[in-house]
Every structure is written in C-alpha cells, then in structure tokens.
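Undergrad: Line by line, the protein sequences are chains A and B. Residue numbering for the first sequence follows my numbering, beginning at 2 and increasing consecutively. Residue numbering for the second sequence follows my numbering, beginning at 44 and increasing consecutively.
Hints in this document: simulated from the structure, not taken from any laboratory. Some hints could be false.
Not everything, but these chain B residues come out facing chain A in the computed CB check (under 10 Å) [stated by the list, open to error]: (1) Leu-56; (2) Ala-60; (3) Leu-87; (4) Gln-88; (5) Leu-89; (6) Val-125; (7) Cys-133.
Glycine included, every Cβ here is placed at the ideal spot set by N, Cα and C.
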Amino acid sequence: GAGVSQTPSNKVTEKGKYVELRCDPISGHTALYWYRQSLGQGPEFLIYFQGTGAADDSGLPNDRFFAVRPEGSVSTLKIQRTERGDSAVYLCASSLFSGGGANEQFFGPGTRLTVL
Amino acid sequence: GDSVTQMEGPVTLSEEAFLTINCTYTATGYPSLFWYVQYPGEGLQLLLKATKADDKGSNKGFEATYRKETTSFHLEKGSVQVSDSAVYFCALSAGSARQLTFGSGTQLTVLP
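Just chain B, same shape as in the assembly (with noise of 0.2 Å):
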C-alpha cells in the first residue's frame, strides 16, 4: 500500500540556520503530495502542497519539489526562525477517496 517515510527527529537548529527535512513515498499511480505543519498547541495545517511531478509548492519561506524519480519531496527553508518551531507531517493523498496517507512527522526545534 501506500506509505510515506521521513526523516527522524528531533531537529534543533538555531535561528537563520538552513532546513531540510526528508521525505520519500510509495504510491501507486499519481499522488498529490502534502507538507502539514502542527505548531505548539495548534491543528494540523496545510504548508505546502504539489500535485504533479516537477511542481514546486512554497509558502512562508518553505519549499518541496515533487520528484517522480526519486519518489521524494524534501521539505526545504533557507534560514528558519524560532517561530517556525513545531512538527511537520508529510503526506501524500491517492486513490477515489484521496484519504491522506501521513508519515511519522519530524519534531523541528529553532533556538534564538
């Protein structure tokens, strides 16, 4: 079946340092791919979404690239902040339904 596999945390970094947090899937056919994010306290949120192959998805300074033929889709930010603390789910919807399939999520610690 389907399955999503990312990088084990926890993750500290300090304040502007550069973020990457890994993410392969296994799918069959064409999946959606999803970054959610859960801050402190908070409901899961959408971060960042791509639906075909070579799409970029960004927002607030995050970015994935949607990569067929290495079945990844890193979650990239070029100089995090302490706000940006909390942990991010990938995840990957396909079939009729389109149920999400999350991985086991990356705990993302940014010291001042």
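Looking at chain A on its own, in the form it has when it is part of the complex (with noise of 0.2 Å):
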C-alpha cells in the first residue's frame, strides 16, 4: 500500500513568507507526528496529533510554527514570518496508535525547506 506522502519535495522561500507544508498519513493510521531534521542532527520532535486533536505540540519552538489536522488524515504544517533558521528537512511520521507498546512510525521522505 501507500506509504506516507509529503508535499512539496523542496520549499525555497524568502525569509518572513508563509508557508504551508502537507502530509498525507498511511490509511488508517491515526497518530500521526511532525519531526525537524537539520543537517548532521536526528530528528527533534515538532508535534503530535490523535486524530483531529494536537494531542501534544511540546515541541514547536515558537507561536510562528502551527500544524492542523481538521479531518483526522492530512496534515498541514504552518510556517509564519519564516527565519533562515527554519532551515531544515520537515519530517511527517504516522502510527496505527499510540500509547503503549512500541507502535511503530513511518516515515515519510521529507520536505526540504529553504530560507533564503
């Protein structure tokens, strides 16, 4: 089956445009998490949902970064005023669930963000 799809592949934008990044979950999985990725790091944890609700978004660094899931499926991550130091590979991860047991997440290739 499909795995997960993100959109767009590459973002280039100038530094304080809006941006908007989309991932679209595996079928079924209803957990679904945001990762950052910069250069020669793993992953930092960005946010996470349970269906429609942010179940935890502990890991957003600042009130410009925002991520919906109005439908319980697709996800949008929400970029305001972008920084150069937004700089990175946005990473969506999905489960079948959470809590309890080691569900595991795909992953899926990333959206490379550029600040210019």
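With the hints as a guide, dock the two chains, each given alone in a separate frame, to form the complex.
TA: As structure tokens, this is what we get:
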C-alpha cells in the first residue's frame, strides 16, 4: 500500500514569508507526528496528533509554527514569518495508534525547506 | 528530559568487517528503543526495536540488546556489506505521546 507522502518535496522561500507543508499519512493510521531534521542531526519532535486533535505540541519552537489535522487524516504544518533558522527537512510520520507499546512510526520522505 | 547519545561518525569499514555503533540513553520510566536507518536518497526506515530490558531486536543481520543496567542499545552486525552504507539513528520513545527522541546519527560507509 501507499506510504506516508509529503508535499512539496522541496520549498524555497524568502525570509518573512508564510509556508505550508502537507502530510498524507498511511490510511487508517490515527497517530501523526511532525519532526524537524537539521543538517547532520537526528530528527527532533515538533507535534503529535491523535485523530484530529493536537495531543502534544511541546516540540513547536515558537508561536510562528502551527499544525492542523481537521479530518483526522491529512495534516498541514504552517510556518509564519519564516526565518533562515527554519531551514531544515520537515518529516512526517504516522502510526496505527499511540500510547503503550512500541508502535512503529512510518516516515515520509520529508520536505526540504530553504529560507533565503 | 529524555536523550540519546550515539557514537559519532563517520565510520568506514571494509566489506565483511564487524560493526558496532554505540548508543546510550537517558529516560524516565521504561522507554522502547529503536534503530532507524536512512539509505541514500530514501526516508527513515525502522531497522529493529526492543520494548523491554534484555530484549534483543534483530533484522537483516543487525542486532541490538536492550541493556537497562548500562542504559545502552548498541547496534552490531557480524559482517557488513556495501549495501549497508547508510546513516543509522538510535532512538527511544517514552511518555504518553510515544514521540521518538533521536540520536544525532552515525554515517556508515562500507568499502568493497
């Protein structure tokens, strides 16, 4: 079956602009995660959805970052007033459920964001 | 908070050499432990996992044992192949959200 997909694969924007990054999880996966991976580093957690609600947004770096998942499937990560430091690969992952056990997270290919 | 420390790379080995990539962790409670792999041009893939102390995860000839007493989850393979060249990430999950906390990754290059 189809895996996690993310669009666009690459996004170049100018400082101060607004961007949206989209994630299509595996069908039927209720848990969805966003991570950010800077060059030479491991991914860092941003936000977690269980269904439609953001169950844990403790990883969002500041209030310029926001994410939604209105119908419990597709999610959009939104970044306002982008800064050069936001440049990174943004990864989305989904899993069948969360809470207890080692539920495997399946990762998408990522969106490479470059802020000029 | 939770953290993962893994062996810095890059690591370069000859084909059929023995591989160890060290990983230690700090976490409250009882985390689950993972190794993820990222092959060139591809996304992160789960390589193996272990959910409790003394569990051994294994896949594709790779193994790692959950050692609670040393808070470690070292990755090993007896005989590496050129196709194992990739970046390897150690990770843990804990807490109600089960989000992953990753190490910084180890770049492995296997030469023929």
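Undergrad: If a hint holds in the structure, say so; if it does not, say that too.
TA: How the hints compare with the structure:
no.: 1; hint: Leu-56; verdict: 20 Å, violated
no.: 2; hint: Ala-60; verdict: 24 Å, violated
no.: 3; hint: Leu-87; verdict: 4 Å, holds
no.: 4; hint: Gln-88; verdict: 7 Å, holds
no.: 5; hint: Leu-89; verdict: 5 Å, holds
no.: 6; hint: Val-125; verdict: 23 Å, violated
no.: 7; hint: Cys-133; verdict: 8 Å, holds
Violated hints, listed in ascending order, are 1, 2, 6; each of the other numbered hints is respected by the structure.
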